[in-house]
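Could you put together the complete structure from these sequences and hints?
The listed protein sequences derive, respectively, from chains A and B. Going letter by letter, the first sequence gives residues 1 to 431 in the working numbering. Going letter by letter, the second sequence gives residues 1001 to 1293 in the working numbering.
Calculated directly from the structure, the hints in this document are not laboratory data. As the structure is a prediction and not an experimental result, all values here were calculated from the model. Where is the CB? At the ideal position from N, CA and C, for every residue including glycine. You may find that some hints are simply not true.
To be verified - List of simulated lysine to any residue pairs, SDA-like, C-alpha gap at most 25 Å:
1) B/Lys1237 x A/Leu272
2) A/Lys273 x B/His1131
3) B/Lys1237 x A/Glu258
4) A/Lys174 x B/Arg1147
5) A/Lys353 x A/Gly270
6) A/Lys311 x B/Gly1047
7) A/Lys337 x A/Asn114
To be verified - Which chain A residues face chain B? A few, computed with CB under 8 Å, are given here:
8) Gly61
9) Phe73
10) Pro253
Stated by the list, open to error - Simulated coverage check for chain A against chain B, where a stretch passes if three residues somewhere in it have a Cβ under 8 Å from a Cβ of chain B:
11) 92–104
12) 113–119
13) 238–252
14) 399–411
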Amino acid sequence: MLRTTLFAAAAALAANGAAAQTEITWWHAMGGQLGETVNELANRFNESQSDYRITPVYKGGYEDTLTATIAAFRAGEQPNIVQVFDAGAATIIGAEGAVIPVADLITEAGVDFNAEDYIPGVRFFYADSAGKMVGMPFNSSAPIMYYNTAALEEAGVEAPKTWEEFEAIAPALKEAGYVPLAQSHTPWIFTENFHSRHNIPFATNNNGFDGAQGTQILVNNDAIKTHFTKLKEWLDAGYYGYYGAGWGDNQAPFENGEVAIWLGSSGSFGGLKNSVDFDFSADVLPYWEAINPNPTASFIGGAALFAMSGKSDEENRAAAEFFKFLSSADVQAFWHKETGYVPITTAAYEQVKAEGYYDETPQAEVGITQLNLPTGDYSKGYRLGFYVQIRDVMNREYGRIFAGETDVETAFATIEEEGNRLLERFAQTSN
Amino acid sequence: MKKAQFSNPWLPYALLAPQMLIIAIFFLWPAAEAIRSSFYLEDPFFGNATFVGLQNYTDAFRASDYQRTAWFTALFVTLVSLLSLAIGLMLAVSADRVLRGQSSYKTLLMWVYAIAPPVAGLIGVMLFDQHIGPLVDFFALFGWEMRLGVNYWDTGIAIIIVSTWKQIPYNFIFFLSGLQSIPNSVKEAARIDCRSERRRFWTITFPLLAPTSFFLLILNITYAMFETFGTIDQMVKDQPGNSPVTLVYKVYRDGFRGNDLGGSAAQSVVLMVLVLILTIVQFRLIERRVHYN
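Pasting the structure below:
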C-alpha cells in the first residue's frame, strides 16, 4: 500500500515537472516485432522534442482496432490517432466529421504540408474524391512475388513475369519436388490487386471513390473468372497450393521450403529475412499478358493513420507534429528498412536508394517499383463499405471453388449478388 | 405447509431487488435494445439510425450461407452436448468406482475446465495444424489427410473435438457429485436385487441422476451455442473462409468485425427466439419426466 502511494506521488511529481507537455494517444494494430518498431518510432518522436508526448497502444488486429475506435468514439473517449486498414477505409472516411482530414489538420496547425511529397500510389488511396488526403499513409505495402532461388535453379527455370510464363515453368518446379505456387490473401492479391494490375474496373462510381450511393461491385467479369478457372486447374495439377484463408498457413510452406513461389506482402520482407535459412528473391506481381499486355501498378495496401475529431487544438497540433515527424525522410527510411513497408515519400525513397540499400537487398525495392509502375483509371484501389464482410464472402466462395464444392461461374455470381446487397446496406447507413 | 411470514411487507421486495436489478440491466435492457436495433440500419460512428422494417431479417436469411450455418450449428450443438455429456458421465462412473487415489484422478480430470475457450482453441490450432499438428500426423496413419481451414468437414470435426474436450470436465464434476449423493443403502439394495452392473446403472443410477442430467443438458446446449465462439475464432484463425461456423460466431463477425450493427442485432434476435423455444420445449417435455425426489 505504502509502495503504491509512493509510486503515485512520484508519478504525480513527474507529471507536474512536465506540465507543459501535451499528451496524445495512438491506437494501432501492429503486434509482435512490428509493435516494437512502432514503440521505437514513438520513443524517437518523444525524444526529438519536449512539447508533446505520444503513447502508442496496441489494440489487437485491424478489425479489433477499428471496432474499439468506434466504441470509444461513441463514448467520447476516442484516441487522437488511430490506425485503420484498407478494407475499413470506407467506414471511417464515410463517417464525415469523425476524423479531421490529415491535409486540414496539418495546415491548420501551421505545419508545412505538400501532398506532392508523397508517392502517387500512396497519396490517392486514403484521399477523398477531390484528392484531399484524409488519412496519413503509414504502413503501406504491395503484394509482391517471393521465390526460393535454389528451387528455381534446381528446376532450371527463371522467375516468371507473367502468368503465361508461370504456367510454362510450373511442371518443371513440380518435377523438382516443389509446390510451384502459393499466396496468402486471395481477396487482396488475386481479386483487388488483380483488377489494379490489369486496369479493370472493380466497382462502379469510380471504384467506389465517388460515394457509396448506388455503388455496385463489378467482380463478376471474364478476366477474373479465367484467372480462377486457371487456379483451380493448377490446384488439381499440383501447380498451386491452397492452405486456407489464413495468412500464416500459406506462408509457412514457403518458409519451410515446400513451396517455390509465394505471393505475399512487401511488408513480409522483414519477417522472412529472419525466418528462412535459404536465399530468396522477389519480383513484381505477375500478370496475364492475354488480359492486358500493359500492366499497371498495384494499389497500396496496409493501413493509414487517422486523426480523430473532438480534440483540443493543442492535441491536434501535437498530432500534426507527429505526422510531420513520421513523414520525414529519416523516419521513413528507418521504418522501411526495419519492416519492409514502402517509404511513403519520394524523398525517403531517394535517400534509401542513395545509401545503396537496394544494392544489398534488391528485394526491398520491389514493392516501391510496383507502386511506381504506370497507373491506369482503375489501378488506384477501391473504396467499398462493409468490405470486411465482402472479403468474407470472397474467402468463403474461393475456399469452395478450391475444395470443388462449387464452380467458378456460380461462385462469382454469388460474390456479386451478396457483395451488392452489402454495398446497398452500407449506402443506407450513410445517407 | 407452513406459510413463511415477513414482519415487514416490503422486505421480500427489497431482498429481491438486487437480483431484479441485475436481470433488468444485464438481460432485459440489452435484449430490448437488440430488438430495437434489429429494425434499423445504423452508421457505426454516430449512430444515425434509419428505420428499415424487417430488411435486416430478410437480408440475413437471404445470405447464401445462413442456412448452411444454421444446419452446422444444429449438428454442432447436438454432437457437442451429447458427446461431452456421455464422456463426462462415463468418466464420472469410472472415477466413482476407483477406491484408491480417487482425488488425484478427479483433479486430473477436472484440470481441463480451468482452460479458457480461446486457449482451448489455440491448443486445438496446434494439435490440428496442417503442417505440424500431431493429431493430423496421427490421422494420416489411417490415410485421412486432415486439412484444417481448407476442408469444410475436417475443420468442423476439429472444432467439435476441441469444444467437446473443453466441456467434459464440467459434466464430469456434476455427474460425479450426483453419483456420490446417491445413498449407499440404495446402491446396496440394488446390488442384492440385480447382479448385472449395466442393468443396475440404467434402472437405478441413471434415473436418480436425471435431475443432474437435465440441468447439464440445458447448460451444455447453452455452452455449445454461445460460449464456443472464442474457440471457433481461434480455430479458424479469424478468417472463417469456407470453414463451418456457428450462428453466434456470425453475429459476432458481422457486428464486431464488420460493424453491421442492425444485421447483427437481427441475427441475435433470431437466436434469442430459438433459445426461448428450445427452453420451453425442454421444460415442458423433458422436465416432466425428471423426478427430483
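Quick rundown of the hints versus the structure:
| no. | hint | in the structure |
| --- | --- | --- |
| 1 | B/Lys1237 x A/Leu272 | holds (20 Å) |
| 2 | A/Lys273 x B/His1131 | holds (21 Å) |
| 3 | B/Lys1237 x A/Glu258 | holds (22 Å) |
| 4 | A/Lys174 x B/Arg1147 | holds (21 Å) |
| 5 | A/Lys353 x A/Gly270 | holds (17 Å) |
| 6 | A/Lys311 x B/Gly1047 | holds (20 Å) |
| 7 | A/Lys337 x A/Asn114 | holds (24 Å) |
| 8 | Gly61 | holds (7 Å) |
| 9 | Phe73 | holds (6 Å) |
| 10 | Pro253 | holds (7 Å) |
| 11 | 92–104 | holds (count 5) |
| 12 | 113–119 | violated (count 0) |
| 13 | 238–252 | holds (count 9) |
| 14 | 399–411 | holds (count 5) |
The earlier numbered hint that this structure contradicts is number 12, and it is the only one.
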